[in-house]
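J.: Put the two chains together into one complex, using the hints given.
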Amino acid sequence: MTKITIDPVTRVEGHGKITLIQDDDRKITQARLHIAEFRGFEKFIQGRPYWEVPVLVQRLCGICPVSHHLAAAKASDMLIGVEQLTPTAEKMRRLMHFGQLLQSHALHFFHLSSPDLLFGYDDEPRHRNIVGVIQDYPELAKQGVLMRKYGQRVIEKTAGKRIHGTGAIPGGINKNLSPAERDELSQDIEQMVEWGQSAVELCKKIFYEQREFFEQFATIDSNLLSLVQPNGALELYDGKLRARAADNQIIFDQQDNRNYLDLVNEHVESWSYMKFPFIKDLGWEQGWYRVGPLARINNCDAIDTPLAEQQRQEFIALTPGRPVPYTLAFHWARLIELLHCAEAIRELLPDPDLQGNDLLQSGELQPVGIGIIEAPRGTLFHHYEIDEQGLIQRANLIVSTTNNNQAMNESIRQVADQYLKGQELTEPLLNQLEVAVRAYDPCLSCATHALGQMPLEVELIDTHGELIDSRSKTAMHDC
Amino acid sequence: MTDKIRIATTSLAGCFGCHMSILDIDERIIDLVELVEFNRSPITDIKDVTDCDVGIIEGAVANSENVEVLRDFRKQCKTLVAIGACALNGGIPAMRNQFSLEECIEESYINGIGLDQPRIPDDAELPMLLNQVHPVHEVVKVDYFLPGCPPPADMIWQLLTDLLQGREPSFKQEQINYD
Ligand code: SF4
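Chains as they are written, first to last, in my numbering: chain A, 1 to 479; chain B, 1001 to 1179.
Any given hint could turn out to be false.
[What the hints assert, rightly or not] Subject to a maximum C-alpha distance of 25 Å in a straight line, what follows is the list of computed SDA-like cross-link-like pairs (lysine to any residue):
hint	chain 1	residue 1	chain 2	residue 2
1	B	K1141	B	V1036
2	A	K3	B	M1128
3	A	K161	B	L1159
4	B	K1047	A	G132
5	A	K161	A	V55
6	A	K161	B	D1179
7	A	K161	A	L349
8	A	K175	B	E1068
9	A	K3	B	E1068
10	B	K1004	B	D1026
11	A	K204	A	D304
12	A	K240	A	D304
13	B	K1047	A	L430
14	A	K175	B	D1179
15	A	K149	B	D1162
16	B	K1047	A	T5
17	A	K175	A	Q361
18	A	K161	B	Q1158
19	A	K240	A	Q210
20	B	K1047	A	K240
21	B	K1078	A	P350
22	B	K1078	B	D1179
23	A	K142	A	F207
24	A	K142	B	E1037
25	A	K175	A	K27
26	A	K161	A	P350
27	A	K161	B	I1043
28	A	K240	A	Q366
[Stated by the list, open to error] Counterexamples of contact, computed for chain A against chain B with all Cβ distances above 10 Å:
hint	residue
29	L107
30	Q191
31	Q210
32	Q254
33	Y419
34	L429
[Stated by the list, open to error] Listed next, the stretches of chain B that the computed footprint assigns to chain A, with coverage defined by at least 3 CB atoms under 8 Å from CB atoms of chain A:
hint	segment
35	1020-1034
36	1099-1110
Since the hints were derived computationally from the structure, they do not count as laboratory data. Glycine residues also receive a C-beta, built at the ideal position from the N, C-alpha and C atoms.
If we strip away everything but chain B, and leave its shape as in the complex, we get (with noise of 0.2 Å):
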């Protein structure tokens, strides 16, 4: 069990889709847990990254939890990977950083249709919203870039083989066209 090697992966402003072809690996994934240990992933229960060899990251940098997350696992994993068009350069969540934050929670919460009793949500057990939403490589040092929306698990798959077996990743010609 201990010599397997351990992977975390989390999701920050993202919308799980490039966790989503993680699993696009389908039947691929029985052999990936002979080799591979989970930490922190939404699908264990494990709620604190540590000590990991490989950490993945979905999505961009919203709020204050975010951050801290990111910086957890830079500090707890060896190699980071950042895939997805979110974490790289912010994605479909940045596109709120064309108008203020303000402007954008007030037509949720108070211009919105439909609403009774609009307010904004205040409580202290949000987390912050951050002005701006940030790719991930403006907050910590990434490793590895993995562009799409999302990758797709051949991708994925042929990434995280050849960084099991200690591989510098690469990619073939034909298998680097997609969006």
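Chain A with its partners taken away, still in its complex shape (with noise of 0.2 Å):
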């Protein structure tokens, strides 16, 4: 028996590792997906101040902090009793929140995956990255780089800053948008839906030309989760929950945010520190789902911007009848949900709102606070409970990769069992693993990774040779 680490999982957000076991025969008995994050965020937010949530909790992550900033403002707006922001608040998050898919979704094409899609997944490692795409396609690299700066300046602009941004507080917001900022964004705006469309129209030609690889690999069945709007459509930052399963029905739709937990519920393996969600009536076992860009574009009726409509329709025909489950037409969704951000964004500029000066609205203290909003990877819930004065005694997350766990999970052993099978384990066949967990944008964003074996114990010893801190394993299971 043969174990086989990949570690550190590269060319994602964050730090993960995946371990194959292969048997005699060179049969795959175990294929996982682990994730070493552990911060204890639960435990350290106790007795915090609420208003201290949109600004702390950004922290778990760099890579989409607006998504962790707008969920939390949105549970502290409920903790603080105020049901509607104003005008000029909403729609300045929603700016926010527009800026940050668009520029989150452009790294993740450009700077991450396109390498294995422009050179393949058997590439030279060396060169299969985003240095190789500025080498071999200098033009949509630069494109690539502008459009993420785009979707930084248009947080810039509504946060106050491009990383852990302060703008969006409990009850509102903290500016608005200068006549100076506005002119500034609207100056590049057609280049960037112009760019946008063009990026889904290389992802397509790519897909049509290897069709039959890209319908196959790591296509797993699966229920999908989002939110939607009243009519169904597609909704980033606001919605209520659906649910359908792999054979297109509904398996909840409309559903409140404050219900979550009537909804969806963690299952915990011994072997991650990522946790399983699933949807409670169906059980952990039949119960996973995905979320994110396929999900959100097979999930909903339409999308209310219309070139990024025109493209829906187009992915979903696909597959008539029932949601398209390629797990690499991950990209492509993505790539439509990036067209329909720079739309989106294009359509609010000129809002006069923007310029608003009524900026917050206040209420009452309440107990609990939820806020789910759909994050560049999927749906990410916040959850906190109050006492009288404000403090937080107790939290929940369950952030958007997670709410992927399972199914990155069902993708790789998909893989190993399809691709690797009797295989010598090359570097090349193991990357087809790390481009099926890639297809996901997992955000893993924190501990990381060293190739070998464990240590039994660590000790700790300063720059001065002073012991700091040690522990020892106690139970190690074998494999």
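T.: What follows is the structure, encoded as structure tokens:
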């Protein structure tokens, strides 16, 4: 029996590792994605004042800080009893969120995944990265860099800062968009829509050229979860929960965020710090689901911007009457959303409400606040409970990537079964497992790993030779 | 290719925000890749750091693997730069230091909201968590510290270009006014 470790999984945001166990006939008996992230957030947030959460919790993730910033702000709106934001506050937050999705999707496609799609998963590892793309496709790379930059500029002007901004506060927002800022952003938006359109076209071309491979690689049937508007259209900032089964049946629809614990629970496995969420009624073995662009585009009934809607129709026509199950179609769906965000920013920028001065609402403190948002990687849940002083007593977070935990494991198992069975495991073959994981754009942000045997004991000696920490592992499992 | 300056970057217990701030140099990255070769980094598929001129560390030290990676970086990099609040003083991850590790784990996996069959993950594949989260300089010698959460891209650019040109990094007064 051989154990193979891919560690760290690269070109994803954050750290994970994959272990494979191959028996003597080179059959894969186990394929797992392990997440070593543990930060104890639910504990150390206790006792902090509720108004800190929008700036504190976003430090969980510097790739999509805006999503945490806004989910926490939405939860704290509820904590202070605000049901409806002022139009200026709501539109500023939406603009910030569109900027975030645009930058995150551009980053994922151009900086992280395009090397696999343009060069193939078996390209030389030293070339298979953004530097290779800059060298071989300079124009395309530049577009990617500038699209991400545009999204970051939108965030800067709405949140005050590109990473870990402070724009959203409980009950509203702390700034509006000045006419000068609006004009500056308006200058480049046409270009962004155009490049967004050509990015979708490029991804489609790659898909059609290798259609058979794209349709079967890492493909799995799964349930899907996302927010939708009251009319069923795609919704990213605020909406109601809808879940759909692989055979297209609706499992639930238009569910209020406040009831999320009746809909979704989490399961814990011994081998990952990431939990495994599932639809409660279906149980953990049947109830796991996918979130993110593939789920959203499959789950919604329409997109309310015209170019993205046109692209959606072509996309769903791939598998009439049922959701598109192809894992690699995540990329295509992601770029449809990128285009939608560029269009939505173009529509929003001329709105005079963005220059309004009515920024905040207030109300009475409430014990529970729940904020759910569609982050770039999927549905994100924030839940806080406070005492009468407004200090946090309990918190629960289900981050987007956690929602895809089981699905990522199913996808790597599928790849291991189909492509690695009976093979000598070479680097390009192993990269295929990472290609499967990368399609989900996981954000595993946190602790990293080193190759080799895990130490049984670790002693931490500081630079002066003093012992400052030590731990030993008692329960080791043999594999 | 060989006379290019070799840079490696890694994130320990951090949020990747410092890495995002590196990418916030925007189109200057196109100039940068003319001058440098990226070794181990989240943006390449190189899994081990080897023989680098500059190593950039984001994040604090929270588990056994952080320790190993950090020591490897120190061994393999001539100049080691720690960036961001987490690397410099533990930052947000170190907020767990006011509680015991057991309390933190139990809150997440045993007492947590909406859990089905709670248990504590304990597989051998998981790195061992340290009792306390430590800043990077408690574990290895660090040559330069760049504070911020995250440090702005212009500061990172200034630091990199100074190092690439063999200058001692220095900043103008008006640059060092940020959170
Ligand atoms: S210093 Fe701030 S931006 Fe950098 S890793 Fe830590 S929390 Fe993230």
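J.: Against each hint, give a clear statement of whether it holds in the structure.
T.: Status of each hint after checking the structure:
no., hint, in the structure
1, K1141/B x V1036/B, "24 Å, holds"
2, K3/A x M1128/B, "20 Å, holds"
3, K161/A x L1159/B, "20 Å, holds"
4, K1047/B x G132/A, "17 Å, holds"
5, K161/A x V55/A, "12 Å, holds"
6, K161/A x D1179/B, "10 Å, holds"
7, K161/A x L349/A, "19 Å, holds"
8, K175/A x E1068/B, "44 Å, violated"
9, K3/A x E1068/B, "21 Å, holds"
10, K1004/B x D1026/B, "21 Å, holds"
11, K204/A x D304/A, "21 Å, holds"
12, K240/A x D304/A, "16 Å, holds"
13, K1047/B x L430/A, "13 Å, holds"
14, K175/A x D1179/B, "18 Å, holds"
15, K149/A x D1162/B, "24 Å, holds"
16, K1047/B x T5/A, "11 Å, holds"
17, K175/A x Q361/A, "14 Å, holds"
18, K161/A x Q1158/B, "19 Å, holds"
19, K240/A x Q210/A, "36 Å, violated"
20, K1047/B x K240/A, "42 Å, violated"
21, K1078/B x P350/A, "52 Å, violated"
22, K1078/B x D1179/B, "29 Å, violated"
23, K142/A x F207/A, "22 Å, holds"
24, K142/A x E1037/B, "18 Å, holds"
25, K175/A x K27/A, "59 Å, violated"
26, K161/A x P350/A, "22 Å, holds"
27, K161/A x I1043/B, "23 Å, holds"
28, K240/A x Q366/A, "21 Å, holds"
29, L107, "7 Å, violated"
30, Q191, "14 Å, holds"
31, Q210, "21 Å, holds"
32, Q254, "21 Å, holds"
33, Y419, "18 Å, holds"
34, L429, "14 Å, holds"
35, 1020-1034, "holds (count 9)"
36, 1099-1110, "holds (count 8)"
This entry does not satisfy hints 8, 19, 20, 21, 22, 25, 29, going by the numbered hints stated previously.
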